[in-house]
Amino acid sequence: DIQLTQSPSSLSASVGDRVTITCRASQNIDNYLNWYQQKAGKAPKFLIYAASNLLSGVPSRFSGSGSGTDFTLTISSLQPEDFATYYCQQSYSSPGFTFGPGTKVDMK
Amino acid sequence: QLQLQESGPGLVKPSETLSLTCTVSRSSIVSVGYHWNWIRQQPGKGLEWIGNIYYSGSTNYNPSFRSRATMSVDMSQNQISLHLSSVTAADTAVYFCAKHFSDYVVIDSWGQGILVTVSS
Numbered sequence: 034d035i036q037l038t039q040s041p042s043s044l045s046a047s048v049g050d051r052v053t054i055t056c057r058a059s060q061n062i063d064n065y066l067n068w069y070q071q072k073a074g075k076a077p078k079f080l081i082y083a084a085s086n087l088l089s090g091v092p093s094r095f096s097g098s099g100s101g102t103d104f105t106l107t108i109s110s111l112q113p114e115d116f117a118t119y120y121c122q123q124s125y126s127s128p129g130f131t132f133g134p135g136t137k138v139d140m141k
Numbered sequence: 016q017l018q019l020q021e022s023g024p025g026l027v028k029p030s031e032t033l034s035l036t037c038t039v040s041r042s043s044i045v046s047v048g049y050h051w052n053w054i055r056q057q058p059g060k061g062l063e064w065i066g067n068i069y070y071s072g073s074t075n076y077n078p079s080f081r082s083r084a085t086m087s088v089d090m091s092q093n094q095i096s097l098h099l100s101s102v103t104a105a106d107t108a109v110y111f112c113a114k115h116f117s118d119y120v121v122i123d124s125w126g127q128g129i130l131v132t133v134s135s
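Residue numbers (my numbering), protein chains in the order written: chain S, 34 to 141; chain W, 16 to 135.
In case anyone wonders, no lab produced these hints; they're calculated from the structure.
Any given hint could be a false lead.
Just so you have them, the derived chain W footprint on chain S, three or more residues with Cβ under 8 Å [what the hints assert, rightly or not]:
hint: 1; stretch: 56-70
hint: 2; stretch: 82-96
hint: 3; stretch: 127-138
Each computed DSSO-like pair below joins lysine-lysine, with the alpha-carbon atoms no more than 30 Å apart [stated by the list, open to error]:
hint: 4; chain 1: S; residue 1: LYS75; chain 2: S; residue 2: LYS137
hint: 5; chain 1: S; residue 1: LYS72; chain 2: W; residue 2: LYS60
hint: 6; chain 1: W; residue 1: LYS28; chain 2: S; residue 2: LYS75
hint: 7; chain 1: S; residue 1: LYS137; chain 2: W; residue 2: LYS60
hint: 8; chain 1: W; residue 1: LYS60; chain 2: S; residue 2: LYS75
hint: 9; chain 1: W; residue 1: LYS28; chain 2: S; residue 2: LYS141
hint: 10; chain 1: W; residue 1: LYS60; chain 2: S; residue 2: LYS141
hint: 11; chain 1: S; residue 1: LYS72; chain 2: S; residue 2: LYS141
hint: 12; chain 1: S; residue 1: LYS78; chain 2: S; residue 2: LYS141
Just the calculated beta-carbon pair ranges, DEER-fashion [to be verified]:
hint: 13; chain 1: S; residue 1: PRO113; chain 2: W; residue 2: GLY72; range: 32 to 38 Å
hint: 14; chain 1: S; residue 1: SER109; chain 2: W; residue 2: PRO24; range: 41 to 47 Å
hint: 15; chain 1: S; residue 1: GLU114; chain 2: W; residue 2: GLY23; range: 30 to 36 Å
hint: 16; chain 1: W; residue 1: VAL45; chain 2: S; residue 2: VAL48; range: 42 to 48 Å
hint: 17; chain 1: S; residue 1: GLN60; chain 2: W; residue 2: SER46; range: 30 to 36 Å
hint: 18; chain 1: W; residue 1: SER100; chain 2: S; residue 2: LYS75; range: 25 to 31 Å
hint: 19; chain 1: S; residue 1: SER110; chain 2: W; residue 2: THR132; range: 38 to 44 Å
hint: 20; chain 1: S; residue 1: ARG94; chain 2: W; residue 2: GLY61; range: 21 to 27 Å
Beta carbons: idealized from backbone N, C-alpha and C, even for Gly.
Taking the hints into account, I'd like the entire structure generated from these sequences.
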């Protein structure tokens, strides 16, 4: 089983801040790492696939990097609509997959 | 734009079987490369993949659910279903139906989710 950890589990930030979230896999997953955003009471929204590729329509302030076991999601300038919980997801074991525990970004 | 809609009872008794249906609209379940997933979220918790199914009937399950979960496809109704047996209070969750494509498991379409409470 591939396990994912995320850090921090939560963070407080202000509009305009640069935010970085880390996801670590328990084994090498190459670039099979995706990122999602979930707002309270809503279904998750897909952001980034294959570690660093933005899905069409995702704002360019979102970026992803990493390979192997360590990955990051960066929001270059936090906007009001970005306050949410962010999940990483590994698909190395496709078509099965697992999610990380999530990182909640709230307002400072 | 593909749409997914979960339906089923919102309350299930302990030890019984939870049965949910996901109706796909504006697309066909028989679409090459599309995999249909059930994902759940317990109150205040993270996302947990239950399993997925291809239109051919081929299934993959999270080992944590393999003994209790059964998924099936109804091509005539453009629906997928989930049956989860022997439920307990720990199965209380919002259950999402979702579609992915690609080996990278790009989950780009989600239903709104349905809250299922397990209680006597």
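Unsatisfied constraints (hint numbers, rising): Going through the list in order, the structure violates hints 9, 13 and respects the others.
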